[in-house]
Amino acid sequence: MARVLYSHVTKHFGDTVAVEDLTLEVFDKEFLVLIGPSGCGKSTVIRVLAGLEKLTAGEVYLDDVLVNDLPARDRDIAMVFQSYALYPHMSVFDNMAFGLKMHGVHKDEIKRRVTAAAETLGIHELLKRKPAQLSGGQRQRVALGRAIVREPKVFLFDEPLSNLDAKLRVQTRAELSKLHDRLGTTFIYVTHDQVEAMTMATRLAVMKDGVLHQVGTPEEVYFRPDNVFVAGFIGSPSMNLLPGKLTGTPEEMRIELKGFELSLPAERSKRVASFAGRDVICGIRPEDMHDRAFVRAEVRGQVIQGRVEVTEMMGNERFLHLLVHEQELLARVDARTRARAGQDVSLLVDVDRVHIFDAATEKVLDKFDLPESPAPVPGEPVASPGAAS
Amino acid sequence: MNSSGHRLARRLTSERAVAIALIVPSAVAVAVFVYGFIAWSAVVSVSEWDTVRPDYTYVGLDNFRDLFNNFRFQIDIRNTVVFTVLFVGACLGIGFALASLLDRHVRGEGLFRSIYLFPMAVSFIVTGVVWRWLLAPRAGVNILPEKVGAGSIDYGWYTDPTVLYVHADTRLGEALHSVGLGFLANPNYGVPLAITSVVIAATWQMSGFVMVMYLAGLRAIPDELRDAARVDGASEAQILRHISVPLLRPVTLSAMIILGHQSLKIFDLVISMTRRGPGFATDVPGLFMYETTFQGNHFSHGAAVSILMLLAVSVLVIPYLFWSLRREARL
Amino acid sequence: MSRHARWLIVLVALFAAMFVAIACGDDDDEDKTPSGGLSGKLEIFSWWTTGGEAAGLQKLYELYPNQCGGTVNIVNSTVAGGGGAQARQVLTTRMLGNDPPGSFQVHMGHELIDSWVTTNYMEPLDSLFKEQGWNDVFPKGVLDIVSYQGKPYAVPVNIHRANVLWYNKAVFTANGLQPPKTLDDFFKVADALKAKGITPLALGDVDSFASIQLMETVLLGKLGATAYNGLWTGATDWKAANVTDALNAFKKTLDYVNSDHSSLSWDQANDLVISGKAAMTIMGDWLEGDMKAKNFTNYGWLPSPGTEGVYDALSDTFGLPKNAPNKAAVLCWLKVVGSKAGQEAFNPLKGSICARTDCNPSLFDAYLQSAMTDWKANTIVPSLAHGAAVKPGWLTEISDAVTAFVANKDAATLQNRLAAACKTAGVCK
Amino acid sequence: MTLPWSRVAIYTVLVLFALVYLMPIYVLLVTGLKSFQEVRLEQMWDLPSALRFDSFREAYNSLDSNLANSFKMVVPATIASCMLGSINGYILTKWRFPGSDLIFFLLLFGMFIPYQSILIPLVKTLQQLHVYGSLWGLVITHVIYGIPITTLIFRNYYANIPTELVEAAKIDGASIFKIYTKIIFPLSLPGFVVVAIWQFTSIWNDFLFAVTVTSNPGIQPATVALNNMAGSFIVEWNVQMAGALIAALPTLIVYIVLGRFFVRGLMAGALRG
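Residue numbers (numbering that gives the first Met the number 0), protein chains in the order written: chain D, 0 to 388; chain W, 0 to 330; chain L, 0 to 428; chain B, 0 to 272.
Next up, chain D with everything else stripped away, as it sits in the complex:
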């Protein structure tokens, strides 16, 4: 049982603002991932909880207990550091045992717990070694083991996978998820890597410049971003963002973009009618632009023309770098497309899934409903381009 509540937490380092007025609840047993570009204050959020930084303002509650002035050692929290922070002069065993010793745990119990954790993590053979004699992956496991043996209320992870190579990272990601399921403890995990965030999180908290921008499940954050920043930050390759203007009638609203326009379906038109005349930012995810030859039938689209600058073959798909009326766009289309560099293509934009943000506030004007996921039926040619409009 471990619930964490940040209430209007602010942390300044001298003149720099690390965290500004953060209010966030972390539920018991959840795997919350804090994500944002580097320097956004996400590490500070967990360091504040660990008791490594003192708050400038606000309150932090751990299980409804105010812990603002509680020293780190009394918080019953474990943390895995980016560099692992293994004590170089201690053996693996002593590294894992250190926290327990500090808490006055009995020797036999220490031995039992360390051995058990080492078994789980498969580092039983390494207990006598010094950190310098371990590989990167092994060190990572020791750091994990050091946290596990503590049996803490909350696990904190500060970018623990960033020093691993790609393959190991994928493997460890899955193990961390399994570990979370098995331990049933609250995890708070900081990363700038959205793949890690999307794959492991039960909920995501997106931060920028010390400010929390959106909290939600990976699906919510991906499909229904609250603002331009979240839209652009989450998703790789990132969303195409184009300045435009919302015009038209409640029956048929249009987004006027540079050199072309997109007509919205009727029900969306109705919803955004009141914003007519506003400057907006139009967001189109690369995968929402389709080669007309390979598009699912139910997609309601509108055709735009562009010139292919570069194509990148990714195996299962192909990226097209387009120039559409002097604007650079990226489309992620079926690998079988025939479009090649230097050719003009016409692509179908899925107007149901276009994101519309207010250009002034950068807040979303209209979220679309989360799509049901019908089985994709590639290869079916669609009807006429204008059909949906």
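Calculated directly from the structure, the hints in this document are not laboratory data.
Here the structure is a predicted model, which means the values were calculated and not measured.
Note that beta-carbon positions come from the ideal geometry of N, C-alpha and C, so glycine has one too.
A few of these clues could be false.
[What the hints assert, rightly or not] With a straight-line Cα cutoff of 35 Å, these simulated DSBU-like cross-link-like pairs (lysine-lysine) come out:
| # | chain 1 | residue 1 | chain 2 | residue 2 |
| --- | --- | --- | --- | --- |
| 1 | D | Lys166 | D | Lys110 |
| 2 | L | Lys40 | B | Lys71 |
| 3 | W | Lys146 | L | Lys293 |
| 4 | B | Lys123 | L | Lys422 |
| 5 | L | Lys321 | L | Lys129 |
[Stated by the list, open to error] If you want a taste of the chain D side facing chain W, the calculated C-beta under 8 Å gives, among others:
| # | residue |
| --- | --- |
| 6 | Leu51 |
| 7 | Ala71 |
| 8 | Ile76 |
| 9 | Phe80 |
| 10 | Tyr86 |
| 11 | Ser90 |
| 12 | Gly98 |
| 13 | Leu256 |
| 14 | Gly258 |
Guided by the hints, dock chains W, L and B onto chain D, whose structure is given.
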């Protein structure tokens, strides 16, 4: 490719010869002035040279035998041991204390650091002159308390001939005797109080250096390690004990070697501050060597003292050099 | 390849040039004596840096052009400290380094003979002595002490007395005491003074010669001149009971000295006498100059306790080192030093009496006049502390033994060590 | 995390230590600034009633030629030390050859020897070179015994210049000298400053070599003259104190102005901490 490659290879070999040639002047100078001279001194130390005129007649180890029977040299050995222990201990203690305080995000750290370190820039002679007056029995710190109306201190500092040692007729002395260590109950194994004055001056001069070394050592410990220990539940004191101190062990070793070899060689400070002191209480081999050689004209004895000093330093330094060069090679 | 060779040559040439420059760099003071008079530099080395001794030395320098003519530039090179101990160290390294000064101050006796003459560093001066007629104006005893194998090697400039007790008259009058003539008297007076909170005897032995000199006067007072002389020739047994007594008296004397003696120099100890904090001090007669320099006049003197009728003498001399630069100028310097005019100019300022017997007493103050009388009437013995009695190596061992003794007051050990030192020196068996 | 009172304690300790460390400087200064009438041991700690430079003047008068000697010796010795150290460091890092590590080790040991053990041969050898008793003799002595430390500092410094730079230059056809003059030397300025400060300070502060090699008082450097002045009977203690300050001034100024480099030299001297 071939012809130019060959030319390059040939040039590289010839350049290597040039490289070796460039290091030759220094190597030769050191070979002669360090190793050659040491050998020469060694020859003098087994010779009869006893006046201003050189006399290289071989006399075996007689001079060394004389030395170990010379009571002044025996006192010097005692003084060196006492001085080394006190001086190294005080420097490490104060240096570490200051470093760990300064490491706690102190405002004006730079200023404090400069103040603690500035004595390093001053010569031992200056230090000696100044501290001779500061610790003079009728002046200096003895009359300092008067300024705040606390009355003066009547302590002899470097003029105090007292040697603290276990007297044979005390219970401790008898206890030592009963376990076969009776010889320790002798002023030759005592602590001459006067030497503490020299220790104070030397510590004033060198502790800043230790502080800088420790500070650099502390800064080299990643913050994350301390954070990890904090999260693991260690208090600040426990972090010091379990994390900082063990990780600073190489620094401690370096500092000990450097201070230790300095205290074996010490000469300037003693000659300008106390000279031999009451009953040789502050006499050291360096001074003994200098006086024996250039005042008493016992060149062979002087050379023997210097060879013994060299041996003592070598025992300390050579393993350390191996250790640090190997460590460096590993990094 | 040729490029490298060029570089190498340049480099080697640079090194070579450096060494050549260094080797020739200081040959500028090569002294030639052009026809028609003395010229060049004349370096006189001494430890006379301040007060009357420096003034006296200056007087000799002033006399030099009058007596020698020419354009000699005298370089006064002095090393202060340690009653000459520092200067002797410096001199040793210079002689060893074959860099002798023109002439240097050295105590007559073993310090001169054993350090420099037997080791063949000095030129004999027999022809100079003959030419100047000095064999008649210096006392026979002094001539013997500066000679080796029948030839004189140095010119004595002065005579100092080491066994003088100096006292503050006011302290004695105020306490109704008489200055002591014997050691027994001394201890009685000292007890009386101690009871009044006055330090009986001021001692400043930061330089070890002061405590050796104190021991020497006590030995002299206890043993008498003959037995004292015997100590240095092997005629007196160092282990004998009378030596034991004498050393115990020395030990007892130390009970009456100021506690901070090991931090003071002899002149700082004299400050205690001047201020009345101490009543007496036993010091060579150069102390009078210090009294005068400090404008203190209310002092009295006696031979140190028990040494009436004995003159514990030391003398400063100058000689001619082999390979001395500007030899002709040095020889003339020696003439000045040995001349009546020179000695009469130097000694009143230095606070010593002439080594010559023909100086005019009226040039000297009351103390020195009394010393001149004593010099003629008394038994003369060589000073231990000032290198007249024993050779330097022996003196070093005595000095070490005394330094240890002053701290630990173990008279038996001192006696053993002194006896052993005599054996090491090859004088005793 | 830290309670205010513990901050107070930290600052108290630091300030107390600072006062103790500064105590000698305080005494040196106030003593030097007093008139002769005011100079008494009992008043050692009192501030001067009026600023008088008597002691400084007198100390300066008796030390000025020795200070000049010190400068005459220190400057060439420091320059030569820097050049030798730089070349050695360059060769030992960028042109290593079989045995170069051994040479380095043997050089390094020279740093630690007690100089007493080479004193007697040194005197005899300098005499044979006809430089005994001259400032040049002292310069040679300092340059030679400075080789270990200057080589060490430069070696550590050059070890941080990427060898790729040198390799690139070799491929570009630069010779061993060209690489030094065009690449290494221009990058060496901080190294030179560190070594120069180190050598300047230690040569200026040296006593043992100075007292044995330059026994002629006319050419003795300031440390020896100061020690002789202190050993003299009659010289007033206030003049000694003023002399001490004057003799310490050049190195203190260097320390205050270039302290950062001084510390780097120290750390290099400590090998790898």
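Quick rundown of the hints versus the structure:
| no. | hint | in the structure |
| --- | --- | --- |
| 1 | D:Lys166 with D:Lys110 | 32 Å, holds |
| 2 | L:Lys40 with B:Lys71 | 22 Å, holds |
| 3 | W:Lys146 with L:Lys293 | 29 Å, holds |
| 4 | B:Lys123 with L:Lys422 | 31 Å, holds |
| 5 | L:Lys321 with L:Lys129 | 20 Å, holds |
| 6 | Leu51 | 5 Å, holds |
| 7 | Ala71 | 4 Å, holds |
| 8 | Ile76 | 6 Å, holds |
| 9 | Phe80 | 5 Å, holds |
| 10 | Tyr86 | 6 Å, holds |
| 11 | Ser90 | 12 Å, violated |
| 12 | Gly98 | 3 Å, holds |
| 13 | Leu256 | 48 Å, violated |
| 14 | Gly258 | 52 Å, violated |
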